[in-house]
Amino acid sequence: RKEVEQDPGPFNVPEGATVAFNCTYSNSASQSFFWYRQDCRKEPKLLMSVYSSGNEDGRFTAQLNRASQYISLLIRDSKLSDSATYLCVVLTGGGNKLTFGTGTQLKVEL
Amino acid sequence: NAGVTQTPKFRILKIGQSMTLQCAQDMNHNYMYWYRQDPGMGLKLIYYSVGAGITDKGEVPNGYNVSRSTTEDFPLRLELAAPSQTSVYFCASSYSSGIKYEQFFGPGTRLTVL
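From first to last, the protein sequence lines are chains Y and V.
Under this note's numbering, the first residue of the first sequence is numbered 846, with each subsequent residue one higher.
Under this note's numbering, the first residue of the second sequence is numbered 445, with each subsequent residue one higher.
Just chain Y, same shape as in the assembly (with noise of 0.2 Å):
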C-alpha cells in the first residue's frame, strides 16, 4: 500500500463548479498534513495545511479524518487559474520528511 494515495484524475470541470479531492494515508503516526500545488512544469508550492478541526482559506476547504487517516479538499467557485495539479502531503516522523501523494489533476474549462 502507497504511503499516500490519490485519485490521480484528471478531473475535468467547468467554472464555477465545486471539486472535491481526496486522500488516504497508511502511517497513523502521521504528524502534519498539508495540500501542495503545482503548475505544470514547476516547483510545488504549499496551498494549505489542515487542521483536525478543518480549516478554510477563501474558497478552499481542507478536512483531517484521523480515525479513517483521510484528508480532503474542496474548492468552490472554480476558476480557470485553479486548473493545476494538487499534491496530498504528510509529515512522518524525524527530520521533518515529508511524503508526497502522486498529485490529482485538475482542468478547469470554460
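No lab work stands behind these hints: they were computed from the structure.
Cβ atoms here follow ideal geometry from the backbone N, Cα and C, with glycine treated the same way.
Honestly, I wouldn't trust all of these hints.
The calculated lysine-lysine pairs, modelled on DSS-like cross-linking and capped at a C-alpha distance of 25 Å, are [unchecked claim]:
1) Y:K847 - V:K453
2) Y:K942 - V:K488
3) Y:K890 - V:K453
4) V:K453 - V:K488
5) Y:K952 - Y:K890
6) Y:K890 - Y:K924
7) Y:K942 - Y:K924
8) Y:K847 - Y:K924
9) Y:K847 - Y:K942
10) Y:K847 - V:K488
11) Y:K942 - V:K501
12) V:K501 - V:K488
13) V:K453 - Y:K924
14) Y:K890 - V:K458
15) V:K458 - Y:K942
16) V:K501 - Y:K924
17) Y:K952 - Y:K887
Counterexamples of contact, computed for chain V against chain Y with all Cβ distances above 12 Å [stated by the list, open to error]:
18) Q450
19) M463
20) K488
21) S513
22) V532
23) S538
24) V557
Got chain Y sorted already, so can you dock chain V onto it with the hints?
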C-alpha cells in the same frame, strides 16, 4: 530575498558522466532536502540535512551523494549517471518546526541521461 535557487535549469548527461546540482537558500533555514520527481509521480526524497555538517538518506539515495558545509548550500552529486536518473530534481528548505510548517522549493533542474 531569492528564496531557494537551483542551477542548472536543464542538463543532458551521457551515461557514466558525473555532475553536481547546486542548491542555495538565503532564508537561514536549518533543514534542506533533495527530491526527484518522475513523470506522473509524486516527489521522492533523496537526501536531507538538518543542519550544516549533518546529512541523512531519504527514500531513494542510491547513485547520489550530498554534502552540507554551510547553512546556505546543499549540493547533490551524481556519480556515474544512468538513464534511470532522468528526472526533475527539486531542492527545498524549511525551518525545523513551527505551527505553519512549510517547505520552500527551488524551480527544479531537469536532467536527461542518454
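Hints and how they fare:
{"no.": "1", "hint": "Y:K847 - V:K453", "in the structure": "30 Å, violated"}
{"no.": "2", "hint": "Y:K942 - V:K488", "in the structure": "10 Å, holds"}
{"no.": "3", "hint": "Y:K890 - V:K453", "in the structure": "18 Å, holds"}
{"no.": "4", "hint": "V:K453 - V:K488", "in the structure": "19 Å, holds"}
{"no.": "5", "hint": "Y:K952 - Y:K890", "in the structure": "18 Å, holds"}
{"no.": "6", "hint": "Y:K890 - Y:K924", "in the structure": "18 Å, holds"}
{"no.": "7", "hint": "Y:K942 - Y:K924", "in the structure": "32 Å, violated"}
{"no.": "8", "hint": "Y:K847 - Y:K924", "in the structure": "31 Å, violated"}
{"no.": "9", "hint": "Y:K847 - Y:K942", "in the structure": "16 Å, holds"}
{"no.": "10", "hint": "Y:K847 - V:K488", "in the structure": "12 Å, holds"}
{"no.": "11", "hint": "Y:K942 - V:K501", "in the structure": "11 Å, holds"}
{"no.": "12", "hint": "V:K501 - V:K488", "in the structure": "11 Å, holds"}
{"no.": "13", "hint": "V:K453 - Y:K924", "in the structure": "30 Å, violated"}
{"no.": "14", "hint": "Y:K890 - V:K458", "in the structure": "32 Å, violated"}
{"no.": "15", "hint": "V:K458 - Y:K942", "in the structure": "32 Å, violated"}
{"no.": "16", "hint": "V:K501 - Y:K924", "in the structure": "40 Å, violated"}
{"no.": "17", "hint": "Y:K952 - Y:K887", "in the structure": "16 Å, holds"}
{"no.": "18", "hint": "Q450", "in the structure": "9 Å, violated"}
{"no.": "19", "hint": "M463", "in the structure": "20 Å, holds"}
{"no.": "20", "hint": "K488", "in the structure": "8 Å, violated"}
{"no.": "21", "hint": "S513", "in the structure": "19 Å, holds"}
{"no.": "22", "hint": "V532", "in the structure": "8 Å, violated"}
{"no.": "23", "hint": "S538", "in the structure": "6 Å, violated"}
{"no.": "24", "hint": "V557", "in the structure": "19 Å, holds"}
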